[in-house]
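Chemist: Sequence lines, in order, name chains F and D.
Under my numbering, the letters of the first sequence match residues 1 to 156, in that order.
Under my numbering, the letters of the second sequence match residues 157 to 273, in that order.
I should point out that these hints are in silico values taken from the structure, not numbers from a laboratory.
Hints may contain errors.
What the hints assert, rightly or not - From the derived model, a few chain D residues whose C-beta atoms are all more than 12 Å from chain F:
id	residue
1	GLU163
2	GLY186
3	GLY196
4	SER224
5	GLU233
6	SER244
7	VAL256
8	ARG262
9	LEU263
10	VAL272
To be verified - Derived Cβ-Cβ restraints for the label pairs, each shown as a range:
id	chain 1	residue 1	chain 2	residue 2	range
11	F	HIS19	D	LEU231	21 to 31 Å
12	F	GLY80	D	GLN218	41 to 51 Å
13	D	SER161	F	ARG130	49 to 59 Å
Quick caveat, the model's predicted, so the values are computed rather than measured.
Quick reminder that beta carbons are idealized off the backbone N, C-alpha and C, glycines included.
Single-letter residue listing:
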Amino acid sequence: MTVRAVESWTLQPLNGYVHEAGARLVLLMTPAGQVLAQFGFTRAVDVMAAAALGAAIMASTTELARQLGQPPFAALNHQGQRHGIFLSGLTTGRGPLVVLAVYDLDVSSLGLVQLFFEQLVTDLRAASPREGVPKQVLAADFERELNESLSTLFGR
Amino acid sequence: MTAASFEQALDQVTRVPGVRGAMLVTGDDGLVVAEHLMEGIRGPAVAALAASLATRLRRAMQAAGTGSGQFWQLLCEQGGLMVVPGKSGILVVAITAPDVNAGLVRLELLRAAEGVA
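Use the sequences and the hints to build the structure in full.
Modeler: Laid out in structure tokens, this is it:
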């Protein structure tokens, strides 16, 4: 299984992260839930659901922090019996991004996922393009662009 | 256990000449509970990697039918790592110079592990 990316500059940093941290699933997306790269997902519907939920959690915690008069929370970790979910925001030249990583507790740990996340942030910042003028999204192009992104993310 | 008693347990380990730092680390998560480290040692990195190694070693020892590990030591050119797993799942970790008195460090690690159990 390999990392699939809509924006190719994310490939190398994300490949390194997946390998080092032993993550099972990884999504790199914008705070709005637009997926830039994914690892481990096999179905488009799962990617869309995870991206929407991850973006919603980030929006909720950011607002909660704002209500408390605090800067946004750095990261969120949630552990179950077999898996853990790590969600964190970062800023790059491309703009603010969000990483969602799911890891097996048998294979990895929160310590490893956090440790290599720091490296991922450094690598993504180094690789990211400068933020340009945001491209206007036209309704006529939206579905075509979404389909193209999903095709890229799943190699179809 | 209180934070002060964690500190006290680590203090005894770091008093041994040649010990560059000591940490209490959660074995499952690889997170630092308490630390006494010399400047320049990346505590969170050592904690995460030592816990990962400890998990794999534990599985290897179970697979080999030797029971659970009580102490392990990694020797490198410029230093070493010594770890004693506590009963509560906390790892007591010492980062040492290469010429440290390993027996004394082991003794203090075992004492610290008893203290945090």
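Chemist: Look at each hint and say if it fits the structure.
Modeler: Going through the hints against the structure:
1. With a minimum CB-CB distance of about 21 Å to chain F, GLU163(D) clears the 12 Å threshold, and the non-interface call stands.
2. Here GLY186(D) does not stay apart from chain F, with its beta-carbon only about 2 Å from theirs, under the 12 Å limit.
3. Against chain F, the non-interface label of GLY196(D) holds: every CB pair exceeds 12 Å, the least being about 17 Å.
4. Separation of SER224(D) from chain F is adequate, the least Cβ-Cβ distance of about 17 Å exceeding the 12 Å criterion.
5. With a least beta-carbon separation of about 23 Å from chain F, GLU233(D) lies farther than 12 Å from that chain, consistent with its non-interface assignment.
6. Residue placement check: SER244(D) keeps its beta carbon more than 12 Å from all beta carbons of chain F (closest about 17 Å).
7. Residue-level check passed: VAL256(D) sits 25 Å from the nearest beta carbon of chain F, beyond 12 Å.
8. Every C-beta of chain F lies more than 12 Å from that of ARG262(D), the closest at about 24 Å, which supports listing it as non-interface.
9. With a least CB separation of 27 Å from chain F, LEU263(D) remains clear of the 12 Å interface cut-off, as annotated.
10. Remark: the non-interface label on VAL272(D) is consistent with the geometry, its nearest Cβ contact in chain F lying 18 Å away (cut-off 12 Å).
11. In this structure the supplied range 21 to 31 Å holds for HIS19(F) paired with LEU231(D), their Cβ-Cβ distance being about 27 Å.
12. In this structure the supplied range 41 to 51 Å is violated for GLY80(F) paired with GLN218(D), their Cβ-Cβ distance being about 23 Å.
13. In this structure the hint that SER161(D) and ARG130(F) lie 49 to 59 Å apart at CB holds, the actual value being about 52 Å.
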